[in-house]
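Asks: Sequence:
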Amino acid sequence: MSRPFPTTDPTWDMESVFAGGPTSKTFQAELRWLESRVSELETALARQSFPASAPLSEEALAGWRGFFDGLFELHDRLSQAFCFSSGMSSAHADDPVALRLPAQLTGVSTANGKLSVALKSKFRGLSDEVFEALLNDPRFGDMQLYLKELRRDADAQLDPELEDLAVELNRDGLHAWGMLYRQASSRQRVEVERDGKVEEMSVGQAKNLLDHKDREVRRAAHEGLAKAWGDLAPVCAAALSSIVGAAQTLYNKRGQDCLTFSLNANRVERETIEAMFEAARSAQPLLHRYLKAKQRLLGVDAMEWYDLMAPVGGEAPRFTYPEAQTFIVDQVGGFAERIAEFCKMALRDQWVEVEDRPGKAQGGYCSGLPVSGQTRIFMTFGGSTSGVTTLAHELGHAYHGWVMRDLPSSERDLGMGVAETASTLLEVIVEQGALAKADASQRLGLLDQRLGRGVAFLMDIPARYDLELAMHEARAEGPLNEEQLSEMTEAIFLKHFGESLTSVDPLFWASKLHFYLTGLPFYNFPYTFGFLFSRAVYARAQKEGEGFIEQIDNLLLDSGRMTSEELAERYLGGDLRDPKFWQAAIADLEGDVAEYEELAQAALQA
1 MSRPFPTTDP TWDMESVFAG GPTSKTFQAE LRWLESRVSE LETALARQSF PASAPLSEEA
61 LAGWRGFFDG LFELHDRLSQ AFCFSSGMSS AHADDPVALR LPAQLTGVST ANGKLSVALK
121 SKFRGLSDEV FEALLNDPRF GDMQLYLKEL RRDADAQLDP ELEDLAVELN RDGLHAWGML
181 YRQASSRQRV EVERDGKVEE MSVGQAKNLL DHKDREVRRA AHEGLAKAWG DLAPVCAAAL
241 SSIVGAAQTL YNKRGQDCLT FSLNANRVER ETIEAMFEAA RSAQPLLHRY LKAKQRLLGV
301 DAMEWYDLMA PVGGEAPRFT YPEAQTFIVD QVGGFAERIA EFCKMALRDQ WVEVEDRPGK
361 AQGGYCSGLP VSGQTRIFMT FGGSTSGVTT LAHELGHAYH GWVMRDLPSS ERDLGMGVAE
421 TASTLLEVIV EQGALAKADA SQRLGLLDQR LGRGVAFLMD IPARYDLELA MHEARAEGPL
481 NEEQLSEMTE AIFLKHFGES LTSVDPLFWA SKLHFYLTGL PFYNFPYTFG FLFSRAVYAR
541 AQKEGEGFIE QIDNLLLDSG RMTSEELAER YLGGDLRDPK FWQAAIADLE GDVAEYEELA
601 QAALQA
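When you line the sequence shown up against the UniProt record's numbering, it's residues 1 to 606, in that order.
In case anyone wonders, no lab produced these hints; they're calculated from the structure. Among the clues, some could well be false.
Unchecked claim - Here are the simulated DSSO-like pairs of lysine-lysine, each with C-alpha atoms no more than 27 angstroms apart in a straight line:
{"#": "1", "residue 1": "120", "residue 2": "207"}
{"#": "2", "residue 1": "207", "residue 2": "122"}
{"#": "3", "residue 1": "495", "residue 2": "580"}
{"#": "4", "residue 1": "292", "residue 2": "213"}
{"#": "5", "residue 1": "253", "residue 2": "114"}
{"#": "6", "residue 1": "543", "residue 2": "580"}
{"#": "7", "residue 1": "197", "residue 2": "207"}
{"#": "8", "residue 1": "495", "residue 2": "207"}
{"#": "9", "residue 1": "227", "residue 2": "344"}
{"#": "10", "residue 1": "437", "residue 2": "213"}
{"#": "11", "residue 1": "495", "residue 2": "292"}
{"#": "12", "residue 1": "227", "residue 2": "213"}
{"#": "13", "residue 1": "197", "residue 2": "227"}
{"#": "14", "residue 1": "207", "residue 2": "292"}
{"#": "15", "residue 1": "227", "residue 2": "207"}
{"#": "16", "residue 1": "148", "residue 2": "213"}
{"#": "17", "residue 1": "120", "residue 2": "148"}
{"#": "18", "residue 1": "213", "residue 2": "197"}
{"#": "19", "residue 1": "495", "residue 2": "227"}
{"#": "20", "residue 1": "292", "residue 2": "344"}
{"#": "21", "residue 1": "148", "residue 2": "122"}
Since the structure is predicted, the reported quantities are computational estimates derived from the model, not experimental observations.
I would like the entire structure built from these sequences, with the hints used as guidance.
Replies: Structure (structure tokens):
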């Protein structure tokens, strides 16, 4: 049966993934299959080996290909199970049964981790001759980058017995601390005083009030969130100190630093990240100009942290969920009709959970269902324009996955920075489409949101990056506590924002989920990367027209089989290690700030 667009249902379809919700019997059956399959692959891997020298026998080559095919099937089905379990726990954060679902995958995840250790041990010390023979066999044509990274990681790991021990200890240590944080923060309630009454709401609902037009409402939401995170701070500090400490111990044993894992996972060079942040810092004086102009518009003596997202430009538009869907599809359709048609399909078929209600976890994300060739999006939509932008962002992630859905599993693994390309591109498309149709008052509000994202990616993200580095440096001297973390946070964020803000959020370290993602350390710089890289892609498309728009899909297809630097060179003709590449992506910021200042002055004089 054909479903209508736009949909009025704000909840997602998870029944087609595993029927039965949090008590799904099909999910439990899948869990048993996963556990059995890991065991079978352990046995299969034990039979595989490499000769001392090339060539490899036909039997060995066929055996390795068969093993990898089984491994990739396992990974796809495990990802599908993770998507379901995390989705259930996010959407039903007040249900103890749903909250326990991710933990049910701990055993198979640990076994999969040990299988990875065993696989790397087979590649450890492999001769160039044998490795090249494997790479050159046509059966492994879809695994070139995967195999190179496998060999790199194999040569960096400890003895297999120690790596196995680390996997087992991480199950009940590193990853358990991350799960503790997710469960505690998901169930946290926030009390917000409005009109003399105290309302209890979820963290996500309270955060949606931070862009309210009434400053007293924003202040009340900020104070309610501060109280909630303050109450939870001892638990958060214990979790974060343990997460950083456990990771640091492993890094040290491997002879790596705290950035090595994240750089490798992002397929990006250290020199690239340094060049990118150099460019970001060079843009901060312009953003301080914007924030000073916003302060004048708001008519406040000093900007506070909770004023960053305050709407300007007259009455801020509000959107129902159906209106938001239509708005996004219309704007994206003006850029690329095929992307708009995808967005329409994903929304119509209810891949998205946006309901604004208690009992949901904070934040937003897009998670893949590789077996189904689909994705699922989780967020809380409150009707603001920033909520529309967030929805567009997550639909961009979903489109990226859709483009890659038919690729082999070995070519669908993405670096986190490149993974932000399509998502941030859709943000740019939606905001540009809206700006083109806006009158002066509306344009002021839309420019404010656009420059606000500049603040997020060029000031806030660099501050998070510096804070995570500082956490590792301090943790090397001893355990972290809540007072220490708050002091570090305040000092570092004031360094980036202090010229414009009187106060920052000292409990940001507690409220930001990204610091607690134990499998994704330094999940901060990918956002700045995606913001600037997608702007470079958009600028190229604007310059070259429809011809380059067709190349965007090719870029997305190659994003799982090239490094970040290779992608930029092939599709943008640029060198990511050069700050000039990133500075060019920020070049139009000067014009945006100047126009904002002009419109703000006109609004004040009206």
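Asks: Below or equal to 27 angstroms on CA atoms is what counts here, so check residue 148 against residue 213.
Replies: violated, 52 angstroms
Asks: Holds or violated: residue 120 and residue 148, Cα atoms, limit 27 angstroms.
Replies: Roughly 11 angstroms separates the two Cα atoms, so the pair holds.
Asks: Are the Cα positions of residue 292 and residue 213 separated by 27 angstroms at most?
Replies: Between residue 292 and residue 213 the Cα gap is close to 18 angstroms, so the pair holds against 27 angstroms.
Asks: Does residue 207 pair with residue 292 here, judged by a C-alpha cut-off of 27 angstroms?
Replies: holds, 23 angstroms
Asks: Does residue 227 pair with residue 207 here, judged by a C-alpha cut-off of 27 angstroms?
Replies: Holds, at about 13 angstroms.
Asks: Regarding the pair residue 197 and residue 207, is the alpha-carbon distance no greater than 27 angstroms?
Replies: Holds: residue 197 and residue 207 sit about 18 angstroms apart, inside 27 angstroms.
Asks: Does the structure keep residue 227 and residue 344 at a Cα separation of 27 angstroms or less?
Replies: violated, 40 angstroms
Asks: Hint check: residue 495 vs residue 580, CA-CA at most 27 angstroms. Holds or violated?
Replies: Between residue 495 and residue 580 the Cα gap is close to 24 angstroms, so the pair holds against 27 angstroms.
Asks: Tell me if the straight-line CA distance from residue 253 to residue 114 falls inside 27 angstroms.
Replies: holds, 18 angstroms
Asks: Hint check: residue 207 vs residue 122, CA-CA at most 27 angstroms. Holds or violated?
Replies: Measuring from Cα to Cα gives roughly 48 angstroms; hence the hint is violated.
Asks: Would the hint linking residue 543 and residue 580 be met if the CA-CA limit is 27 angstroms?
Replies: Satisfied, since the Cα-Cα distance of roughly 18 angstroms is no more than 27 angstroms.
Asks: Starting from residue 437, check that the Cα of residue 213 is at most 27 angstroms away, please.
Replies: holds, 23 angstroms
The structure shown violates the earlier hints numbered 1, 2, 9, 16 and 20.
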